[in-house]
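K.L.:
Read off the chains here:
There are 2 protein chains.
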Amino acid sequence: MDEFAFIDAIKQHTYKQPSIIKGVGDDAAVFRQSAQDIVTAVDTFVEDVHFSRATMKPFHIGYRTLAANTSDLSAMGAVPAFYLVSIVIPESWNEDELKGIYKGMAELGNTYKMDLIGGDTVSGKELSLSITVFGYVNRNKARYRNAAKPGDVVFTTGTLGDSAAGFFMLTNPGEYIDKAFYYRRHRMPSINADFASELEFLPRLALNDISDGLANEASEIAEASQVSLTVYEEQVPVSTHFGQFRDDQQFKWKMFGGEDFELIGTVPKKSWEDVKQIADLTQTQVTEIGHVENSDDSGSDVFLVDRGQTKKRLEKKGYTHLKQVKR
Amino acid sequence: MDEFAFIDAIKQHTYKQPSIIKGVGDDAAVFRQSAQDIVTAVDTFVEDVHFSRATMKPFHIGYRTLAANTSDLSAMGAVPAFYLVSIVIPESWNEDELKGIYKGMAELGNTYKMDLIGGDTVSGKELSLSITVFGYVNRNKARYRNAAKPGDVVFTTGTLGDSAAGFFMLTNPGEYIDKAFYYRRHRMPSINADFASELEFLPRLALNDISDGLANEASEIAEASQVSLTVYEEQVPVSTHFGQFRDDQQFKWKMFGGEDFELIGTVPKKSWEDVKQIADLTQTQVTEIGHVENSDDSGSDVFLVDRGQTKKRLEKKGYTHLKQVKR
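Chain order of the listed sequences is S and Y.
The numbering used here puts the first residue of the first sequence at 1479, with every later residue one more than the last.
The numbering used here puts the first residue of the second sequence at 1479, with every later residue one more than the last.
Hints listed in this document are in silico derivations from the structure and should not be mistaken for laboratory results.
Some clues are possibly wrong.
Identical copies look the same in the list; a pair holds intra-copy or inter-copy alike.
[As the list claims (entries may be wrong)] Below, a list of computed lysine-lysine pairs in the DSBU-like style, where the Cα atoms sit at most 30 Å apart:
no.: 1; residue 1: Lys-1591; residue 2: Lys-1730
no.: 2; residue 1: Lys-1619; residue 2: Lys-1789
no.: 3; residue 1: Lys-1627; residue 2: Lys-1591
no.: 4; residue 1: Lys-1577; residue 2: Lys-1754
no.: 5; residue 1: Lys-1619; residue 2: Lys-1730
no.: 6; residue 1: Lys-1603; residue 2: Lys-1748
no.: 7; residue 1: Lys-1581; residue 2: Lys-1657
no.: 8; residue 1: Lys-1619; residue 2: Lys-1500
no.: 9; residue 1: Lys-1748; residue 2: Lys-1730
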């Protein structure tokens, strides 16, 4: 494969973001942002660790990996702007498949007005994608996970566990209701970019995206804010046909599944009505799922009140990539 | 390995760059830059493609990979500011070795006042490092490779071919003069950050870093600027003891070796004295190696005038990672 021809094939010829001064084509990209703060994050996705060709087409792989990174921008309250892609290419991938990955990213990019401004292409033994995303947020309005306070309402967007359910359907073929919905939730997750940035006027908001499971993300907020969070199982929002799965599957997927790229947040009680209004405005489902309490002697924990009204400490057994093996 | 303990071990506890608002510890990093333009680039380095434990310790791997990326900032005239690191970790690497990589990066970071502000750690089959660097340059002062014009002086910094010579020494043990110098040039290359940014006052300057070999980088300037470059072989600067190697090795390494992370630039003749003064000021070696001409019917080429004063078209057989196999 000719690296230069490949880069030419995947590069954008115009940019949507006026802050871009130089995109693809020199030693580095250049941009300008004088009015707002700049938010940036990188994530790497490895074949057969984070995704598999058995359950996704190259297009989906591109779409989903960029969505996962862009979701980090929403979790900071930032508006997505652009991204860099560094790809390690093994011999087992052909040029058309690789272009498919970039098409998937471009599709998500078009949806959220993001531009591809640079990257790198290298050879290796396994396919991996490192995506660096950039977004903008008004000064001092980035949303941190350390902002939760006792008395806050805990909420989530959307429905949880659908991506894990979709993955299960794809890897355990059979008769299921609403396959297309769950497939899409796994392969082409939408992110809550508008909702997150429209909450800017709120004086205080702790925010995380649920990439590694509700339990894990709630725990990150609890630890960073030095508070405890109590979540009511029966309030955790699930999709219409989630009941078709076994109870233990439902529980595992909605609490620990992750990768729905929904948001978990906490706001003062007096802001909860505002959150619901912004949700209406941006056509986002929001659900109150619990509240924030003082942390006790045992530390900053997450408690679950189960369907039998028993309150128990929730383990943080979310999806942690480093410990995980092929799934 | 515990991902959180590992991140804690490698993260900086204070930041040198005042523009950093939030570093490691949330969904993304946040920074502010209202006065200058922001320059960013990503490169990925894969074990046994871009580096090998046979010739480098983990410390060197970290130092050299961050140097390679930071060199892209210098090639844009930007002052280095900070970086993100995404690492794919295979089972064959232990925690101490991994920490060694980050120590090497921190060493270079301290030299150039750069901060590690975020990243990702994931598991995979082969070690790879994706480094995203950020730098600042005064508005409209980023240096592009398309700025060369006929009549310009072509110059390079430092001496060329040393990294390739060091790699040869490391992989072909024997008696050599000044081993430590060549090892260091291969494992811990210095970059021309001060020199590049101090040239800011020059009205016009085309700049590239020589990561993929002089021939290749000269060709990038020629093509981007739609000019031709003529380089005089006997003017290409080499190190004091470079003569210990065979003529064909010397030629290959200095013209195509790359990875010395020196700079190649072109400036109007009237600016050449200024370049030399800034070189003195920043203790940088600079050498005039040729000049820029109009491109002819055959396109934008690089010509070499060899020691016999014969002018020939130079092939662009630089180091292109995608085509390269393990070396």
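K.L.:
None of the hints should be skipped; say for each whether it holds.
P.N.:
The hints, checked one at a time:
1. Lys-1591 with Lys-1730: neither (34 Å within a copy, 45 Å between copies)
2. Lys-1619 with Lys-1789: neither (34 Å within a copy, 60 Å between copies)
3. Lys-1627 with Lys-1591: The answer is neither: 34 Å in one copy and 36 Å across copies each exceed 30 Å.
4. Lys-1577 with Lys-1754: Close neither inside one copy (40 Å) nor across copies (45 Å); limit 30 Å.
5. Lys-1619 with Lys-1730: neither (34 Å within a copy, 54 Å between copies)
6. Lys-1603 with Lys-1748: neither (53 Å within a copy, 50 Å between copies)
7. Lys-1581 with Lys-1657: Within. Shortest intra-copy distance 24 Å satisfies the 30 Å Cα cut-off; inter-copy 48 Å does not.
8. Lys-1619 with Lys-1500: both (27 Å within a copy, 12 Å between copies)
9. Lys-1748 with Lys-1730: So Lys-1748 and Lys-1730 fail the 30 Å test inside a copy (32 Å) and across (71 Å) alike.
In summary, the structure is inconsistent with hints 1, 2, 3, 4, 5, 6, 9 from the numbered list given earlier, while agreeing with the others.
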